[in-house]
Structures are given as structure tokens and as C-alpha cells.
Amino acid sequence: MSARIFISRDSGALCVGADALATKFRKAFEQRSLDVEIVRTGSRGMYWLEPLVEVATGQGRVGYGPVQAADIDALLDAGMLEGKMHGLCIGEVDEYPWLKSQTRLTFKNCGIVDPRSFEDYRAHGGYQGLAKALAVGPEVTIEEVVASGLRGRGGAGFPTGIKWRTVAQTPPQQKYIVCNADEGDSGTFADRMIMEGDPFVLIEGMTIAGIAVGATYGYIYIRSEYPDAIEAMEIAVGEARKGGMLGRKIAGSQYDFDMEVRAGAGAYVCGEETSLLESLEGKRGEVRAKPPLPAHIGLFGQPTVINNVLSLATVPIIMSEGGAFYRDFGMGKSRGTMPIQLAGNIKHGGLYETAFGITLGELVDAIGGGTRSGRPVRAVQVGGPLGAYFPRELFDTPFDYEAFAARDGLIGHGGIVVFDDTVDMAKQARFAMEFCAIESCGKCTPCRIGSTRGVELVDKILAGEDRVENLIVLEDLCNTMKFGSLCALGGFTPYPVMSALIHFPGDFGAKRKRLEAAE
Amino acid sequence: MPRYEPWNADRASEIIARHRHLEGATLPILHALQETFGCVPEAAVPLVAEALNLSRAEIHGTVTFYHDFRKQPPGRRVLKLCRAESCQAAGGDALAVRAEEKLGIQMGETTLDNRVTLEPVYCLGLCHSSPAAMLDKHVFGMLDEAKLDALVKEAQA
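Going line by line, the protein sequences match chains A and B.
Quick note: the first sequence, position 390, residue 459 per my numbering, numbers continuous.
Quick note: the second sequence, position 36, residue 1530 per my numbering, numbers continuous.
Everything labelled a hint here was simulated from the structure, so no lab data went into it.
No more than 30 Å apart at the CA atoms, straight line, and that leaves these computed lysine-lysine pairs for DSBU-like: (1) B/Lys1596 to B/Lys1565; (2) B/Lys1647 to A/Lys93; (3) B/Lys1631 to A/Lys93; (4) B/Lys1596 to A/Lys496; (5) A/Lys551 to A/Lys496; (6) A/Lys416 to B/Lys1641; (7) A/Lys416 to B/Lys1574; (8) B/Lys1641 to A/Lys93; (9) B/Lys1574 to A/Lys352; (10) B/Lys1647 to A/Lys416; (11) A/Lys96 to B/Lys1631; (12) A/Lys496 to B/Lys1641; (13) A/Lys402 to A/Lys177; (14) A/Lys496 to B/Lys1574; (15) B/Lys1574 to A/Lys93; (16) A/Lys96 to B/Lys1641; (17) B/Lys1631 to A/Lys311; (18) B/Lys1565 to A/Lys352; (19) A/Lys177 to A/Lys311; (20) A/Lys416 to B/Lys1596; (21) B/Lys1647 to B/Lys1565; (22) A/Lys416 to B/Lys1631; (23) B/Lys1647 to A/Lys96; (24) B/Lys1631 to B/Lys1641; (25) B/Lys1631 to B/Lys1565; (26) A/Lys201 to A/Lys177; (27) A/Lys416 to A/Lys93; (28) B/Lys1574 to B/Lys1596; (29) A/Lys352 to A/Lys551; (30) A/Lys352 to B/Lys1631; (31) A/Lys177 to B/Lys1631.
One-sided and incomplete, this derived list gives chain A residues near chain B with beta-carbon spacing under 8 Å: (32) Cys84; (33) Gly351; (34) Gln450; (35) Pro454.
We treat Cβ as the ideally placed atom computed from N, Cα and C, and that holds for glycine.
Could you build all of it, start to finish, from the sequences and the hints given here?
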């Protein structure tokens, strides 16, 4: 039997040279006349170790990383193909503490399976969730998802099962499943990892949703900044169709379900569900007022389930293991696990899936290993560009929807961006307003005009112009945006701004102080 | 080697015809046009409008809403530097300035020899390996000055 090694084709591995490395390995095997199969997988999510090379051994997969082309000869000489020791060896990958301490449910197969192989997915337990859904029928499927306590992983945290039930209760007609893969938040990459590393789990989740609510067609709306994810999903959709799991009478059942991939066009606001629907319809991505809910009047005016990638990708395991199994993880009203993404100036950047309840401090210091620059952590932004900046004093906050909300923050899509002590928080507040101004869809005034006025105000405050008065105006503006905007873009931009102001007031007064000193 | 075809109304109509059967065909059509011509030429707007039975204003509105759609073809290579928070935290701002200086252009501009277009992008989803960049459709992470310089050089080659 030939040896097998695994190298990720996740763009997080490609961005540090995984493709070139795979080519070099192939050449080295040829030169040494070794019969070795190179399997391209997704990523395990330990990105500081990428390119990570794994070798199949009798004791599981042994990992080496980060591997550079120059290391290949030494690795092969050291007996890498038998899983022997070398300076880059991390031992058995599943036993590696960073991975072992996680609870991988949504990401169970990511980094392990070949994302282009329908057969490999099936061999790793794929489509058991769908089989269960077909066996128990739509009503029980929905109740299972309700019972799991799964909440929308895109950021809003709305119970997924309730959304499904609402769509299921509409009269029979054309209904749609839309997957929101417009993962625009800085600091997040979990959707991308699923699509590139385990795309069939998403297809399976969407198919289950379709059967449950009576929808026969689905769209995956992927941002154009993710060309690798688009390609991976398109290949997987084609393979699933070939395998009889998409199209007419899927898996020999009475149900029809098919789907297609659509690319976004660089608008952040299209991650907002109604804006995404407008975009899919071919229009400007302007937010719709709610009600009506998309569950009643969604895509092309039809009842529509719109869920985030992670929500849908979690459905198969909920079905195969049961809602109660999933619900038993987590705390309070945040049930199950959250794929948390560690990013920014961080030593161990990557994907850490764990039950809700872990504290922010554990995530940043113990798991993330602090900053990559080696300087002290000053602030972390949780939940993307619309999330609050938290200082060290709030590091005891448990990762939980309600706990973050209670401290004027949000967990959003689960991204944590770490900043060291060189960060200028006033600059970050200004950027939040600037970003909102660039990305505002323009439909509502608080967001469209407020964001531009916000940038001007921060500039005035930093220039020391009527500082005290302008700080009051800034707070007032933030309240107007928060309570007056149609969607989360304008409504949540005040979070980073106000949190920067409240927790780091010195950064907003520094120039003024310098002026006073000079006077 | 020219990357894009010159404007040709027949070719455009052919592309439009290939996608018009899709539900909500506007974005797929605009993407396909840009793939071929490097941009969405003004002259394409009435063709798309006619094929989809929409007004020119509606198509114009859609084209101009999205950051992706260009009015002019870009340079031979497109270098996108991530400017979002995660990359800011990891030193991306300084790298952006460095790229501008090396290329002698500002973000959003194309070099005079038409070799490189430099653009900001708000997140490539490589935040675990910030700062990140994309040259055409290839991604790069863990950038430092040396890696950025090499990337700029590759773009200029």
C-alpha cells in the first residue's frame, strides 16, 4: 500500500505556500522513487502551523509544520513517511492539545476529508443527518432543530428552528433555502473554512432545510473575495448532484432539491439578509424594512429560509446525533458550540470550536497565546467591524450571546481580533465610522449620513475642536444610528465607536492634552 | 498578452444570452461581462436592460452599487491589500503605505505603464494570517516588508 500524506488546499494554507509545497513534495517523491499519494484536504484551523503536512500512520495522522520547501529532504531523511520525529513534528494531530481541547461538532470533518470527494464525505459519516431527516419526516426534523437550541451563527442569534417552522407553516408554494456565505466581517473565516474544507456538510444542511420546510431550491451566496470557496462549492455541488444527493428524488426519496452558487460583488452590506436577497434578485443590495420577514416574503417574494453557513453546516450533526446531544453543550440560552475565530495580532491564529461559556481571557491569552508581536494585549474587537472593543478588564466575559450583550458588546459571527498596545483606539473608532460610510447601502438616513458625520466628529475631537461638546454630539449621533437605522450596519457601528470611547477615553483626548501642555 | 477582449456588442449579447435564463440574472451577467472585457462597459448597460426587460436606470443602479464592477479595465495585474481591522492590527497600514510608495500610486490607481492596479479590500478571510493580500486570484498571508516587496515585484514583472 502506498503511503499517504495530507496537505491543505484551504486558502489559509495556500496563502503561505501550500500549493508550491505540494508540488515540491511530488517532485521529491519522484526523485526518490517513492509511491506516495498526496491528498489535498481543508485546514485543521491551526494556521500558525500551515503549511501543515500530515502523514497517515498506524497510530493516526502525524503532523509536521510549518513546512517549507527547504525542509522536505530533511523530513524525508528523518522518516517522515513513517511518522518519525523531527523538529517540525507536532505528533499525532488529533492529540495536539490545541485541537484536542476543542469540541468539534460543526468542524468535525474539516481538515480531515478531501473536500472534492463525495465518497470521502460519505466514508466519514456524511449524509447520516439527511438519512435521519428522511426517516423522521419534516415536522420532527424541525422540532429536532428547535430542540437543539441552535441560534443563527451569522451574528443575529435568532433560533434557527423557529425560522424554519415559520417557513414550513406558510402554504405550499415555491420556497427557497438561501445560504448566507457573505462572510465580510474582519476577523472571521469559519464559513470560508467550511466551504473550502467540508463543503458537502453545508450542502447536506441545506438539503435537510429544504426537505423540512418544503423548499425545492437553494442558493449559496458567496462573497466574491472568496474565489477558492466559490470554486470548492461549485465542485461539491456538481459531485453531490452526480451522487444523486441533489436534483430530483434525492437519495431515492420523494423529495426534490437542487441548488446553485452565486457570487457577490464586493458589498459588505449584502451580508445583511434582506440586502442579500435583493442582491440575489439582481438589484442594488439595499436593505428591506421588516416586516415582512423573509420567512413570509423572501427571495422573489416567496417564503425563504435564510441561514448562515455555520448554522446550516451544524444541522447534519444535530440530526444524526439528536437535538438533545447538541443542546447539552453550552450555557444559558447559548446552546451547543461556537466556532470561534482568533485573528489579528495573535500568536496562535485559527479556528477554535468550543462550547459556549469559555471566557474571552482564556481565548485570547491561553488559547491564542497573546500577541504575535509579543507586546501586551490592549484591546480585542469581538464580532467583526460592528462589534465592540473590549479592554483587558472585561476579559472575564464568558463567550455567550447574552453575556456579551450585557456588556454592550456582541459575539456576532465569532471573530476575535487582537490588538497590541500600539493601537490608537480613536483611529479605530474613526475607521468604524468610515467603513460604515463606505459600505452603507444608502437606504436609511442615520446610517448613510450619520456615518459621514461620525468621521467628521472624530476628526474634530482629535483636532481638539470643541472637544467636550463634540463628544456629546458623537454620543448623541451614536444613539441616533443605533435606534434609527434599518439594519445592523448603521445600528451596530456605534458599538466599536462607543466602546473605544468608554474604555479608552485617553486616546480621544491625547492631542488636546498635548495642545494644553503647549499653551 | 492582453487579458481582456476589446468591447464588442455581439460578443456582449452572446454572454448575456448565455445567462439570461437564470433567476435574478443581473449579477451573473455583469460578472461574466467583466470577466471578458475587464469591466462593465457603459455600452453594455442598455443591452443587459433590454435582455432582462428592465430599465437602463435599474441596471446602471445595480452596476454602480457594487464595488466589484469597474468602469475601465484594470492593469495587467490587480494587487489587493486587505485594509480591515485584523490586518490593521498586524501592521497592514504600514504595508499599504509601502506598496503605494513602491508602485508610485495611491490605493485605487493603476501604474502609468498599466502593469499594476492597487486596491484596498475589506477582508479576504485570512485574518488568522494577517496581513493578507491577493494578487489576481492568488492569496498571500503573514506579509512582512520583504514578502510585500516580493509581491510588488511579481506584480510588476
